[in-house]
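Residue-level listing of the chains:
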Amino acid sequence: MIQISNLHKSYVMGSNSLHVLKGLDLDIEEGEFVSIMGSSGSGKSTLLNILGILDDYDQGTYHLGGKLIQGLNETKAAMTRNEMIGFIFQSFNLISFKNAMENVALPLYYQKVSRKKRNQIALEYLDRLGLKEWAHHLPSELSGGQKQRVAIARALISKPQIILADEPTGALDSTTSFEVMDILKEINDQGKTVIIVTHEHDIAAMTKKIIRLRDGVIEEVIKNGDLQLFKERVRTE
Amino acid sequence: MFDVDVWQEIFSTIKKNKLRTFLTGFSVAWGIFMLMVLLGSGNGLQNGVKEQFAENSVNIMWMWTGDTSIPYQGMKEGRTIKFNNADYSFLKEKNEDLELVSSRYYLPGNIMYTYKNEYGSFETSSCHPALKEMEKINLTAGRFINDLDLNDFRKVIVIGENIRKALFKEEDPIGKYVKLNNVPFKVVGVAMNKTRNNERTAYVPITTAQRIFNGADRVHTFAITTKMVKTVEEADSITAKVRQGMALRHKFDPKDKRAMGSFNMLAEYIRTMKIFQAIKIFVWIIGIGTLIAGIVGVSNIMLILVKERTREIGIRKALGASPASVIGLVLLESILITTVAGYIGLLVGVGIMEGINYGLEQILASGGGEGLFFRNPTVDFTTAITSMLILVISGALAGYLPARKAANVKPIEALRDEN
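Line by line, the protein sequences are chains W and S. Oh and the first sequence: position 218 is 221 in the numbering used here, straight run, nothing missing. Oh and the second sequence: position 266 is 731 in the numbering used here, straight run, nothing missing.
Chain S extracted, bound-state conformation:
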C-alpha cells in the first residue's frame, strides 16, 4: 500500500484540486490550531495559579483566635480565646493528620531594628524551625532557626534580604548583632523568598520572643501542614478535626469561626485545580468540536472526489483493481490531507504558545510580571502526540464513508458510455 505509485496518484489528484485541498486542509488545521491554543492557554492559567499557591506548601493551614460569638456550655459569648504552648504540643503529638507545626507569638508594638547608625522598622516573625519548609524560605547565607535555639532561648535572628541591605549595606551580617528595641540579636542567616516579597521579614525563635517580649506561653497563630489528601472533603474533615480538638481544649463551639479562625490552603488548592480540570475538559470538547467540523469537511470533499472519479475507479476495477486497493487509495488521501494540514496547525499553534512563553520568560527574567496569573502556556509532548493520533484516526474516519462508496462502484455503471 505504501509504494511510490499510490503516493504519486494521491499527489496527482491533490495537484489537480489545489484550492479545494487547501480549503479542506485549512479547516482541519484551524481545528487543531484552536485546540493547541486553548489547551496552552488553559495550561498557562493553571501554571500561573499554581505559582501563586507555590509561595507556601500547598497543604499549609493557618489558625488564629478571637472572641467567641456563640454561647457555649453556659458561658456567654464575647470570651477571648488564647492559644498557648500546650496547644503546640497537642497539635504536634496528638494529631496524625498533621505533619509540621509552627506557632507564632506577635511581638508587641513597633520593633525598631538598629545596627550601628542604621535603623528601621521591620516585621518580626517568631517561629519554629518547621516554618522554613512550610513557607518555603530560602537562605542566601547562614542557617535558619533550629531546635537548639528554641531550647536555649538563644537570641538569634534570620533577617530578610531587604533588612540586610538596609542595615548592613556591603557588610557581611552573619555573626553581627542587630538590636531589636535595644535587645541585641545575633544574625545567623539571611532569608529570601523568590516568589514573594517577604524579604522585609525577620525570623526569631518563638521561645526567645516569648521570654524577652513578655509573652509568657502565649501563642497568637499556628501554621501547620496537613497530610496531603486528594479531595476537598478529606481536607475539610482534617480542618474540622483540628477545630474540634482545639474547641475541646479551649471550651468554645467548634462552629464558632470568631473564636478560632482557620484557613486550609489544601482545600482551596484542590478546589482550584478541579476548576482547571473542568476547564481542560471544556477546552477538549470545544477543540474536538472544531476538529469534527474540519473532518466533516474532509469527508464531504472526499465524497465529491469519489463521485468525480467514479469513471476512473471503474476503469481501475475493470483492469483488475481489488476493492481493497480502491479503499486504500481514498483512505490514504484522506489521512494524508488531515495529517499534513493538522500537523501544520499543530506546529503553528504550539509555535505561537512557545513564542508567548518566550515573551513571558523575558518579562519574568527582567524582574517584571508581578502577580502574573499566566505562566508557561505550553502544551506538553503527550498532548501533542495524542492530538496527532486523533488526527490520523479522524482522517481515517473522514475517508471511511467515501472509501466504501468508492469500493462499491460498479465498473459496468461507471463505464457506461452514455454518462
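The shape of chain W in the complex, shown without the other chains:
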C-alpha cells in the first residue's frame, strides 16, 4: 500500500537548513495497523504530512497504492487526498458552524455528490458510530469522544484506502481513548490500512506494528510477536 524509499526532507529556515528525514525507508502493506512513535523532533509529524500529501519531499520516492506521489499540483494533491486518504486529527478539526452530519458529508461535497445523497450517506456512517441522534448537533454541543467519532466518520465516508490519524487520542481521557482505539481497530479489521502517530505507549501497544523514529530514520520496527515484549518493556519503563 505504501512504499517509501530513501526519503529526504529538510526545512530551510533563513540561512539554516534543518534536515528532518534522512533517507527513510518504509513499507506498509494493505490492511496493516501501524503506529509511528518517536520523540518530538524525530520527524514523525513530517512523515505523516508527507504520507498525507500535505507536504512535499526533497528526495526519494513515495508510492501510495502503486501510484508515485511526487510534485503534484495543489488541485491534484487535493483530489488524491480526497480519494485515498482519511484524516483524523488530535483536535478533531470539525467545522464549527456545520452540524455533525454536514461535517461528515464534507469530503463527498468535494466529490460533487449531491446534497441529499451525501447527507444520507453521512447519516449511515454516523449511525455506524452510534451518533445518529447527534447528527443535527453542532460540534460545540458534542463531547470530545463524540467529536472524534464524528471525525472518524468523516475520514471513512470517502472510502479511502488508508486512514491517517495524528494523535487521535491526544485530547481525550483514557476511557474515551480506548473507545476510539477500539473503533480504529474495528476499521482495521474490516481491511483498511490504519496509521496512527502517537507518543503514548499504551495506545501504540494496541496497534499491530510499531515504527519508532529517531533523528529522521527508523530506529526499530516492533511487529506482532514482539508486541508482548514491548508491552512489558513499557510497563517497566
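For the record, the hints were derived by calculation from the structure and aren't laboratory data. Just so it is clear, the structure is predicted and the values come from calculations on it, not from any experiment. Don't take every hint at face value.
Calculated from the model, a selection of chain W residues having no Cβ within reach of chain S, i.e. all distances over 12 Å [stated by the list, open to error]: (1) G17; (2) H66; (3) L71.
Lysine-lysine pairs mimicking BS3-like chemistry, simulated, CA-CA at most 27 Å apart [unchecked claim]: (4) W:K119 / S:K480; (5) W:K70 / S:K722; (6) S:K772 / W:K101; (7) W:K115 / S:K480; (8) S:K481 / W:K101; (9) W:K115 / S:K870; (10) W:K101 / S:K483; (11) S:K875 / W:K162; (12) S:K706 / S:K722; (13) S:K480 / W:K101; (14) W:K188 / W:K212; (15) W:K115 / S:K722; (16) W:K119 / S:K481; (17) W:K101 / S:K870; (18) S:K706 / W:K79; (19) S:K772 / W:K79; (20) W:K79 / W:K101; (21) W:K79 / S:K870; (22) S:K706 / S:K716; (23) S:K875 / W:K25; (24) W:K101 / S:K875.
Every residue, glycine too, gets a C-beta built ideally from N, C-alpha and C.
Assemble the complex: chain W is given as a structure, and chain S must be docked to it using the hints.
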C-alpha cells in the same frame, strides 16, 4: 460553483458576523448612493439649463446694428449702420452655414391694439415665417404668418394668448379684425410658447409692417439659425464669417462690436454643455473615489475573515478542497456583499432622485417652478447598469487578494495543533 452549499456556507459566515457585514456593506452602499445622488443632481442641473436653452432653437443667432466705434477705410467712427431687405436676401442666399433667416422691423412708437371696446398696448414682432420654427412658437388656433402674406403685404396678425384674452375674452378671434393704431389687421392665429411668457407678443409680416409703418426697406434685427456644429470654434467661425460678410456690405470694421452686435446661442450652448461634461466627469471621480473607499473596506474585512478561517480552510483542503473552490468561496462572498449592499445603495439613491423628480413635476404641473434650473434629476438606465457592473467587478477586485491568500493556506500550518 453556484450550488446551494456554496451559498449556505457564505450565509452561515455572514450570519456569524452580522454587524461586521453590515458595516462593510454600508460603506459600499454609501459610495454608490453618493454616486447616484451626485449623477442625478448633475443631470437635473443639466436638464434645467437645457430647458432654458430650449426656449429657442439652440442654433439661433441674433444680429443688430448700432454706431461704428472704430474708424474704417478713412471714415470716422460714429456712423450709424442700418440693415435693409437686401441683407436678408444676402444672408438667405449667399451663406451656406445658415439655415433659416428672419428679419425684424421695429414698429415705431407705442402701438395701441383695439378690438371693439377693448384696447391695450402689446409688443409687435414683425417677422418672416421662419421665426415660428426658430423661436419655437406654438399655435393654439389658426396659422402662422406665411410667404403669401409677405408677398401680398397682407394685413394679417398672429396674436399671443394673453392678447386674445385681453381683447377677445370668450370670442373666437380668428377672422376678426384688430386695429393697430387704427389700421385693421385680420387675426389668423393665436400663439403660445410653453416655456416662455411671450403670449403678450403679436406677429405681423415684415413687409406689411415696413409698408404701413413707414419702414421703407429698413431692418432692425436678424434672427438666423446656423448649421449645427459640435465645437465652439466652429460656431465662432460661423459668427465671424457672417460678421465679415455684413461688414463688407456696410463698410465697417468686422471687429467693431458697436457697429453690429451679434449673439451666437450655439457657441454658448456648446460651452455650457462642456461645463456639464466636466461636472459629470468630476462626479464620476468623486463617486468612484467613495466607492473605492468602500471596496478597500470590503477587501480588508475579507482579509481578516480569511485569517480567522485559516484553520477551516486548512481542514477543507485536507479533505480535498481544490484551490479553485477555496478562491470561489471567498470571491463569491465578497461579490455578494458588494452587490447586495451596492444594489441597496443604488435603489435608495435612485429612489430619492425619483422622489425629488416627482415633487418637481408636481410644482411644474401646478404652474410654478418659474426659472427653475433643475429638471428631471434622474439617472438613466444605462448609468445604473454601468454602476451595477462596476459593483460586481469591484466585489471581485475586493475579494481577489483575500482569495489568493486563502488559496495559499497550507493545510499543515493551518492544522498545526499548537495554534
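Which hint numbers does the structure go against, in order from smallest to largest?
Violated hints (numbers, rising): 5, 15, 18; every other hint is consistent with the structure.
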